[in-house]
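Peer 1: Chains as they are written, first to last, in the numbering used here: chain L, 1218 to 1444; chain X, 9 to 377.
To be clear, the hints were calculated from the coordinates, so they are not data collected in a lab.
Note that CB positions come from ideal geometry on N, CA and C, so glycine has one too.
Each hint can be trusted.
Pairwise CB distance ranges, derived in the manner of DEER restraints:
hint: 1; chain 1: L; residue 1: G1335; chain 2: X; residue 2: F323; range: 32 to 38 Å
hint: 2; chain 1: X; residue 1: L363; chain 2: L; residue 2: G1335; range: 28 to 34 Å
hint: 3; chain 1: L; residue 1: N1280; chain 2: X; residue 2: L363; range: 31 to 37 Å
hint: 4; chain 1: L; residue 1: S1375; chain 2: X; residue 2: L181; range: 56 to 62 Å
hint: 5; chain 1: L; residue 1: D1392; chain 2: X; residue 2: A104; range: 48 to 54 Å
hint: 6; chain 1: L; residue 1: K1323; chain 2: X; residue 2: P325; range: 34 to 40 Å
hint: 7; chain 1: X; residue 1: V108; chain 2: L; residue 2: Y1325; range: 38 to 44 Å
hint: 8; chain 1: L; residue 1: K1323; chain 2: X; residue 2: I97; range: 47 to 53 Å
hint: 9; chain 1: X; residue 1: E138; chain 2: L; residue 2: K1260; range: 43 to 49 Å
hint: 10; chain 1: L; residue 1: N1280; chain 2: X; residue 2: E138; range: 39 to 45 Å
hint: 11; chain 1: L; residue 1: S1375; chain 2: X; residue 2: V112; range: 53 to 59 Å
hint: 12; chain 1: X; residue 1: E192; chain 2: L; residue 2: Y1376; range: 44 to 50 Å
hint: 13; chain 1: L; residue 1: I1387; chain 2: X; residue 2: A104; range: 54 to 60 Å
Simulated crosslink set (EDC-like; lysine to aspartate or glutamate; CA at most 20 Å straight-line):
hint: 14; chain 1: X; residue 1: K222; chain 2: L; residue 2: E1268
hint: 15; chain 1: L; residue 1: K1322; chain 2: L; residue 2: E1334
hint: 16; chain 1: L; residue 1: K1310; chain 2: X; residue 2: E192
hint: 17; chain 1: X; residue 1: K222; chain 2: L; residue 2: E1298
Covered stretches of chain L, going by a simulated chain X footprint (3 or more residues, C-beta under 8 Å):
hint: 18; region: 1278-1289
hint: 19; region: 1294-1305
hint: 20; region: 1310-1317
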Amino acid sequence: MSVREGSVTGLIGPNGSGKTTLFNVISGFYPPDSGEVYFMGNKITGLNPNEIYNLGVIRTFQNPRLFPRLTVLENLLVAAESRGERVTSSIAKRNWVDGEAKLVKKAYEIAKSVGLEGVERNIASDVSGAHMKLIETARSLMNSPKVLLVDEPAAGISYSAAKNLFNYLIKLKEDYGITLFIIEHRIDILMDYVDYVYVLHLGKLLSQGTPEEVLSDKKVREAYIGD
Amino acid sequence: MDIIGFLISWITLFSIYSILSISLNLEAGYTGISNFGKAAFYGIGAFIAAVVSLLAFLTVSGLSYPLYSLETIVAMGTLSKQNPVLNIIVFLFTLALAFVISGVAGYLVSYPTLRVGPAFLGITVLSFGELLRIFLRNFQPTGGTYGLAGIPHPFAFVQDPTARDLAFMLIALTLLIAIYLFSERLVNSPYGRLMKSVREDEVASLCLGKDVPKIKAQVLFIGSGMAGIAGALLAYYMGSINPDIFVPSLTFEVWAMVIFGGSANNKGALLGAGVITFLNRASVVLNFMFQNLPVDVNYIRWMLVGLLIVATLLFKPEGLIPEDTRSSFVWSLFGEQKTVSFKERTEEVRKRVKLYVKKLISWFMMGGE
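Isolated chain L, as found in the complex:
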């Protein structure tokens, strides 16, 4: 499997087909049983998740893993890299205060564009489930990603919000040249946006191609509907 730079690639498949497991392997959470992962020509299998993140391969979680007792804004800020995150430079405020102000501005912009306006100051555990999903996505944008591994961004949010979110992701892709690799169960929404789709079934690659090719593939229909 390969994801072309600058493309929007979808990953679909029935429940339990191994989509999230694939993301876990790419992002360094699980070691692969076999095979290797390459990013821009470099092998990244065996690196720690934080090292992979800092290369620009950033994932989101299907069930949002927020920092519940931090504010929404702080949740976004953790994802960015600040000079004040070193013990030595954190002590003197002048070391990090300017950078921090820029990050806060960036966080506000991202929050606004994904639809989190007005909840920035709330505690993350107090916001609605749909907002949590949006925070999860917004957080992944804080550190200028190269590849975004987005795990079910539209699950649990309304149709129009999902559309907005996808439009925003596509816009980001165009503005910053981010490559998108998206797991999504809501194929109706996904198919409008992707260039290429992989279909997994029971841990095996079942089909691949453009959205039209995949949707007309008989094997895919069988795997989903089961006849």
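With chain L fixed as given, assemble chain X onto it according to the hints.
Peer 2: Chain X only, in chain L's frame:
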């Protein structure tokens, strides 16, 4: 009753214990590291101070008594009063040394468990502390169970005992203030946010590019180092130490301070230390005043500490001064901080007190359920 003496001893102990509770708060309250071995690093600091200061004085005077011998104690009585400069230099040097060695010990002991969950670390440092204590009980060069005595007070050259204790109290208090300000700066910076993110969700933090094991190691180094400083202060204050001071119950006394005062809030750590050291000192005085009581006041103190923890967990699990998640430094960057007038604040406190009294009464009415 000697009020001045009582206050001096209370404030000195308060300073020492506050350093401990602030260090535990950095680890447990902010970073979510359950350090059950605080006493070990406290003890390391105390023994470093005792051994190094005794060695320094004996070496400078060209004496070669064993550290724990009676000759040493007798010799130290005169030696410690002769050279004020030496007293101060040795004192400052051992404080720094206690910080570094306790810090490194904290880092090394926790190293194997940094990559796994908090429970492993807690148990590892707890057992390390006990092993160290049992080892020191049987280690003759530091006096075994008797420990070391004759530790030179940094102000031993001052004649008046009250003035001497007052000077020491001021030093301890200054160190506490320095450590408090340092911790406040640390937790109100992006690094503090990082610490909290580790506490909230290690995996998510790792996923956002943060080197979680490194952060934990740094916090443990700082926290254990601070405990080392507290230990060194204790050694100089008491003048003699033995391994059995550093039992696990001491660790849990510090935990009680953090739980009672409020975790992830340095002011809470100070409050907890203040109340519990007050009970500690008061029980000593009461024990002395009422010698014919059927029970030892010290036992009542332990019961009170236990009661405090149970009551806190029942009525205010987040502690008396809970973490203020909304007071993040980020807002202060924009001048958006809300100012609360004194009247509003007293109104708030009044309401809260009323609520707790009500809760307490209803709890008793329900038969303590």
